[in-house]
Every structure is written in C-alpha cells, then in structure tokens.
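Novice: All chains, please: the whole structure from these sequences, using the hints.
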Amino acid sequence: MSNIDKQALRERYSPKPVPECHICGEEMTIQRMSASRITYGCTGATYDDKGCHYAEGRSIADDHYEQSRVTVVDVSDPDVLALLDENLQLQREKDAIEAVALALRDDMRQAREKLEAAE
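Residue numbers (UniProt numbering): 1 to 119.
Worth double-checking, as some hints may not be accurate.
Label-pair distances were calculated between CB atoms; the ranges are [claimed, not checked]:
#: 1; residue 1: Leu90; residue 2: Arg12; range: 12 to 22 Å
#: 2; residue 1: Gly51; residue 2: Val72; range: 22 to 32 Å
#: 3; residue 1: Ala103; residue 2: Glu20; range: 46 to 56 Å
No lab work stands behind these hints: they were computed from the structure. For clarity, every value in this text was computed on a predicted model and none was experimentally measured. All residues carry an ideal CB built from backbone N, CA and C; glycine is no exception.
Specialist: Below you can see the structure in the form of structure tokens.
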C-alpha cells in the first residue's frame with residue numbers, strides 16, 4: 001500500500017463541507033438526499049425555539065432559492081477513513097518498534113566489542 005497516495009484517499013472519502021450560497025454567501029441547507037447526491041439550497045430561513053423565520057423579503061421556494069440550488073455528489077466513506085487512521089497508527093507503531101530494534105542492535109554491538117576487548 002506504499003504506492004497509494006493516502007492523503008488523496010483521505011480527501012476523496014472525507015465528507016464534503018456544506019457549500020455557501022453563491023448569491024448571498026450564507027450556508028445552505030440540505031433540501032434533498034438521494035444515495036450520494038445531496039441537493040442544497042439557500043432558503044433564507046432561520047430556526048429557533050419559536051419555529052422557522054424567513055429573512056426580510058424572502059419566502060419559501062422564492063427565486064433566490066431556485067437560483068441557489070446546487071447538487072453535490074458526496075462519496076464520503078467513514079470506513080475508508082477508519083482504515084486510513086488504523087494504517088497510520090500501525091505505521092507509527094512499526095516505526096517505534098524499528099527504532100527500539102536498532103537501539104538494541106547498537107547496544108549488542110557495543111557489548112560485543114567490550115567483551116572482545118576484555119578477552
């Protein structure tokens with residue numbers, strides 16, 4: 001797996017950020033989901049404990065909403081991300097074990113040299 005670009009895999013399978021409206025810059029909300037396709041739209045709505053409120057001059061399904069809609073294909077996969085994390089952890093553990101093995105080899109070499117010098 002050393003020839004695979006793990007960072008590219010991580011970027012490919014990470015969840016896509018919620019897009020901003022290209023008209024007003026506000027964060028859009030999910031309007032529809034189907035398999036890996038997510039349709040976002042800018043509703044101009046805010047939600048609080050009293051319910052839904054629309055921004056001044058906005059209403060449900062207005063022109064702004066129609067023009068702001070965008071569909072994003074999201075192929076994020078948490079299993080792939082978990083495998084990449086596990087692989088990274090195993091690589092770190094392997095590197096630590098190799099460092100210990102090299103240190104032990106050097107210690108043994110020094111001990112052998114001292115033993116030979118003492119004889």
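Novice: Against each hint, give a clear statement of whether it holds in the structure.
Specialist: Going down the list of hints, with the structure as the test:
no., hint, verdict
1, Leu90 with Arg12: 12 to 22 Å, "holds, 21 Å"
2, Gly51 with Val72: 22 to 32 Å, "holds, 28 Å"
3, Ala103 with Glu20: 46 to 56 Å, "holds, 52 Å"
Hint violations for this structure: none, all hints satisfied.
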